[in-house]
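Here this note's numbering is used: the first residue of the sequence shown is 50, the next is one more, and so on.
Certain hints may be false.
What the hints assert, rightly or not - Below, simulated BS3-like cross-link-like pairs (lysine-lysine); rule was C-alpha separation at most 27 Å, straight line:
| no. | residue 1 | residue 2 |
| --- | --- | --- |
| 1 | 127 | 86 |
| 2 | 86 | 99 |
| 3 | 221 | 102 |
| 4 | 86 | 102 |
| 5 | 127 | 102 |
| 6 | 99 | 221 |
Because the hints were derived from the structure by calculation, they are not lab data.
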Amino acid sequence: MFLERLDIFLLHLLNVRIATPFLDRLMPALSDLDRWKPFIVLLVIFLLLKEGKRGLVIVLGVSLTLLVSEAMSTLVVKRLVGRVRPCHLYAWVKVMGYCPSSPSFPSSHATNVFATVTFFVLLYRRWCYPLFVLAASVGLSRIYLGVHYPLDVMAGALLGMGCALAVFSSVKVLSRRLGEGWSLLPERRGDASERGPEGDKEDSGG
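My request is simple: use the sequences and hints to build the entire structure.
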């Protein structure tokens, strides 16, 4: 099958052919999500202090997005597909660290990172490029470490973005019902709640 051959070719390219001592140090660091925890804690504190009630909604929205993306990836798709990881199949695969026993498709790292990044991009569009570059780098690291095929990462990225869009849309609607200051999106000047009775005068003309 062409797609399978292409997947293996790209795996060999990204796992073996481009390997360098520098990438051997960088990729494990990108892939180790525990190293990101201090930055995540600082980001949560920053959002809560800067955005107040809206910051709490953002933190809860991202947390819900991660719960959904992790469940969809690990509990649903991985079990349905059951693809064996390349590090268990090919002797030429360069494994850095250990080879997990869980199914390969999709990459949960890619699913969760792209879900998180997409949620933030929907809020802060100007950070689109650096955030997606970061997410793609994490996805690439999973291939470089030999624990995923490229198709696993691409599928995880799409699944993560889909989960983020679904949760974001739901949280956006629900947060508007919580009252002033709780909206997921920043409140704009000129909203009906701020115009007061003057907003009803717009249709009074003949």
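Hint by hint, work out which the structure violates, then give me just those numbers in ascending order. 5
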